[in-house]
Amino acid sequence: MLIGATEIKFEKENHSNVYVVGPTGAGKTRWYTIPNVKQEEKNIIVVESRKKEIYYATNQTKAEQGYEILQFDLLHPLFEERLQDMVVNATQQKFVLYISVNLIDSTYQERGDRLQKVFDLLQEKTLERDVHLYLDEYELYPIPNLFHVLQVVKAKGIHISMIVQSHAHLQQVYGKQVANQIAGDCNQILFFGTNSMDDAKYFSRTSGYDQMELFLLQNEVIVLDTYYLPRKIPIKQVDCNH
1 MLIGATEIKF EKENHSNVYV VGPTGAGKTR WYTIPNVKQE EKNIIVVESR
51 KKEIYYATNQ TKAEQGYEIL QFDLLHPLFE ERLQDMVVNA TQQKFVLYIS
101 VNLIDSTYQE RGDRLQKVFD LLQEKTLERD VHLYLDEYEL YPIPNLFHVL
151 QVVKAKGIHI SMIVQSHAHL QQVYGKQVAN QIAGDCNQIL FFGTNSMDDA
201 KYFSRTSGYD QMELFLLQNE VIVLDTYYLP RKIPIKQVDC NH
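So in UniProt numbering, spot 171 of the sequence shown is number 171, and the numbers just go up one at a time.
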């Protein structure tokens with residue numbers, strides 16, 4: 001498990017299921033999602049996020065790499081039909097699909113059911129390219145049986161980055177035991193801090209990282225503490241003559 005906020009890139013040919021946890025503003029999108037979407041040059045990419053930040057930060061790079069750029073509304077009546085057409089043609093053209101959704105006009109169940117169809121379609125088709133799905137704020141799009149899905153998709157060349165604001169949110173959706181099994185089934189866990197004491201205790205037990213550490217730099221101290229976000233404290237010069 002990796003702790004802290006720094007740019008994290010995985011090897012292009014070494015994808016796996018990744019569990020990314022951290023509150024708003026912790027840097028999940030900036031330090032993990034955007035760098036990894038940008039560096040992928042061969043496989044199909046699906047990004048599900050209600051925010052346009054990822055699209056604006058990556059679409060030009062992907063176009064320069066030869067990707068077809070697509071934007072779909074998750075709840076559009078023709079969503080499934082359009083997605084199926086793209087998957088059928090994926091052998092000829094690699095694509096990056098940015099999926100958005102209006103949260104106000106939809107329910108958890110509606111969003112989860114549509115996302116389940118994405119997984120079903122990708123599993124049904126035999127693709128020449130691997131697929132990496134980035135599920136930003138996954139707790140807003142929960143599918144019914146995620147633990148089973150994680151077990152199945154590995155053999156299909158489908159890799160998932162599940163990004164949530166807190167592990168407690170996942171526990172609320174699936175129950176504590178199943179949520180912990182889901183986290184444990186991921187090959188990598190990236191922890192960007194928490195505002196939840198329950199999360200802090202869970203990840204401290206998982207990692208064995210249960211104490212505060214100080215890293216002294218030239219002009220500042222970086223404080224890493226399981227119970228809080230990483231903090232930078234400037235080092236001020238003190239005039240000892242006064």
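Since the hints were made in silico from the structure, they are not lab data. Hints may contain errors.
Simulated pairs of lysine-lysine, BS3-like, Cα-Cα distance not exceeding 30 Å [stated by the list, open to error]:
no. : residue 1 : residue 2
1   : LYS38     : LYS176
2   : LYS52     : LYS42
3   : LYS201    : LYS125
4   : LYS94     : LYS176
5   : LYS156    : LYS201
6   : LYS117    : LYS201
Pairwise CB distance ranges (calculated) [as the list claims (entries may be wrong)]:
no. : residue 1 : residue 2 : range
7   : SER16     : ASN89     : 18 to 28 Å
8   : GLN177    : LEU78     : 17 to 27 Å
9   : GLU68     : MET197    : 15 to 25 Å
No residue lacks a Cβ here, since even glycine has one placed at the ideal position from N, Cα and C.
A quick look at each hint next to the structure:
no.: 1; hint: LYS38 - LYS176; result: violated (34 Å)
no.: 2; hint: LYS52 - LYS42; result: holds (23 Å)
no.: 3; hint: LYS201 - LYS125; result: violated (41 Å)
no.: 4; hint: LYS94 - LYS176; result: violated (38 Å)
no.: 5; hint: LYS156 - LYS201; result: violated (34 Å)
no.: 6; hint: LYS117 - LYS201; result: violated (35 Å)
no.: 7; hint: SER16 - ASN89: 18 to 28 Å; result: holds (27 Å)
no.: 8; hint: GLN177 - LEU78: 17 to 27 Å; result: violated (38 Å)
no.: 9; hint: GLU68 - MET197: 15 to 25 Å; result: violated (45 Å)
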